[in-house]
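*Asks:* The residues making up each chain are set out below.
Protein chains: 2
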Amino acid sequence: MKILILGGGGMVGQKLAHHLLAQGLNGQKDLHIISHDIGFPPNAAPVTDARTGNLADPGVPQALAGERPDVIFHLASIVSGEAETNFDLGWNVNMHPTWALLEALRAQHEASGGTYRPRLVFTSSIAVFGGPYPDKISDDFLSAPQTSYGAQKTICEAMISDFSRKGFVDGLSIRLPTICVRPGKANLAASSFFSGIIREPLNGKPAILPVPDDVRHWHASPRSAVGFLTHAAGLDTNALQGRRALNLPGVSCTVAEQIEALRDVAGNDAVALIERRPDPAIQKIVSGWPRDFAPQRALDLGFRADADFRSIVQVYIDDDLSAA
Amino acid sequence: MKILILGGGGMVGQKLAHHLLAQGLNGQKDLHIISHDIGFPPNAAPVTDARTGNLADPGVPQALAGERPDVIFHLASIVSGEAETNFDLGWNVNMHPTWALLEALRAQHEASGGTYRPRLVFTSSIAVFGGPYPDKISDDFLSAPQTSYGAQKTICEAMISDFSRKGFVDGLSIRLPTICVRPGKANLAASSFFSGIIREPLNGKPAILPVPDDVRHWHASPRSAVGFLTHAAGLDTNALQGRRALNLPGVSCTVAEQIEALRDVAGNDAVALIERRPDPAIQKIVSGWPRDFAPQRALDLGFRADADFRSIVQVYIDDDLSAA
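Protein chains in written order, with the working numbering: chain Y, 1 to 324; chain P, 1 to 324.
For reference, chain Y alone in the conformation it holds in the complex (with noise of 0.2 Å):
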């Protein structure tokens, strides 16, 4: 089985690759894994074929599509801030390619004579909301972004749909969470405080929170997020029923929760390395954000979460801490 990773040198896509090599694939441990990205980290894990290159050059999504891969994960993006303040970048990366993608494989497809038709699974992201919300977000509430990220995920949800509608590919799209504990530095996301708080204490360092106590949101750890991805390679798409965008599982809570776990996990003085540091701007962006869902379809079609923030925390000592 052939498996293409886009976004393979990323946090997420090493993981995955991470677990592909272990694991195999839903059962299947013959795979020939190519993984794709701008860059890889030193550590970077042994796939079969790691091809460095960018996914918007010309060309590129063509020949990774001419391998024909009987799974793709597309996982290649930018992030939100990234996009906010570099918008020709943000359409370049996280749009165009997208759809140079999927025609290139819809070429291949025709190509083979309708016999080669690649399962997708595409990374999309709660950011395809915005407010007002109601308590928990259900699986027929609307894509209203507020972010271009969260437009351009948007818009790549609706071609994979399409294409997969025709037949071209059989995709869908995943709406992470927001993934938590991230391993690694903290960078400039308006959401990074979240691992933050929790990564930083149990390193032994101080951590700022710019936000209040009950701020709650959607978190999902990156163990679940591989999880995501696998079980939706594997899935039988005609259960989903023509809407090829899923709202995935997580775990709400508040961050006086999350900072109740901590205590739980390693005690008063991890906690007392947090800071608080109100910040009105990460404040305003935050209070835009998803803070709960109801993601019923995506349980039916057997998705599973971390049970709840404790473990969360459980998977970064037991993933990332101890392999540091």
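A few of these clues could be false.
Said to hold, decoys possible - Have a look at the derived ranges for each label pair, beta carbon to beta carbon:
| hint | chain 1 | residue 1 | chain 2 | residue 2 | range |
| --- | --- | --- | --- | --- | --- |
| 1 | P | 87 | Y | 283 | 42 to 52 Å |
| 2 | Y | 214 | P | 281 | 40 to 50 Å |
| 3 | P | 260 | Y | 287 | 13 to 23 Å |
Claimed, not checked - Okay, derived cross-link-like pairs now, DSS-like style, lysine-lysine, Cα gap no bigger than 27 Å in a straight line:
| hint | chain 1 | residue 1 | chain 2 | residue 2 |
| --- | --- | --- | --- | --- |
| 4 | Y | 284 | P | 166 |
| 5 | P | 136 | P | 2 |
| 6 | P | 284 | P | 136 |
| 7 | P | 2 | P | 29 |
| 8 | Y | 136 | Y | 166 |
| 9 | Y | 185 | Y | 29 |
| 10 | P | 136 | Y | 136 |
| 11 | P | 205 | P | 185 |
| 12 | P | 2 | Y | 166 |
Note that these hints are calculated values from the structure, not bench results.
Even glycine gets a Cβ: it sits at the ideal position worked out from N, Cα and C.
With chain Y's structure known, arrange chain P on it following the hints.
*Replies:* Then chain P, alone, in the frame of chain Y:
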């Protein structure tokens, strides 16, 4: 005031042009009207500037944006059936030119030092929706199109919203009900019979009804469509609060109610001209279409539709049958 109508040669485009020439736009009488389409009818509205060309050709969106119109009515599209049978043509007409237009308008915005920011009114469609439906589709119901045409409309909506959020244009998308009664000849669209069963008998001709009498659908007259467009052109878009795609009001009625409205207006002899000839293919398509809406936001924003289906029949008699 300079106005650009894209798709100005079509039925609604022509009615809009005639209306603007006769009434002005929201009180503004001194209008420079540019109407653009691949072709115009022989009795086309005598606008200031009728331009024949293809919006999908390189340079065309740029040249039109270079006119710096104050208001742009973007009605240019191929119809649902054609976008479904000709996949490439659908995307090449219904999506890519809208992207090129938005980029061209952004370039004008930037060249003007940020002062040029046109009102853009885009005719979207209830085809952005896909079943299963609630009894009435609410304003926060998801877009899950089941046609390429619907996917293309969804994508253009998301692009227009994001370019508007960034301040490059001031756009909104209005999701038109099925326009009925369409004047002129029957076409091959699956929805053609909704107009045909009224128009043909009123012209003393036989009409074919391919679906059961209890089929319910969502209608608005061409006169309402022109009213929606001009109202959208004058709307305070701050009131949209970031949700720039609107479900419009319409008339929800069954085919049986349509026929009774015809009987009221034109008597039993007219109704006797309708021949029931069930067509399973058309029934299957129509069964996936929306039946009813609760378009509260559009009503609150002052959009008004026809009072009932009898009024829709009367609009046809007044505006088209009498004129012919």
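*Asks:* Output the indices of the hints that this structure fails to meet, ascending.
*Replies:* Hints 2, 3, 5, 8, 9, 12 are the ones this structure does not satisfy, whereas the remaining hints hold.
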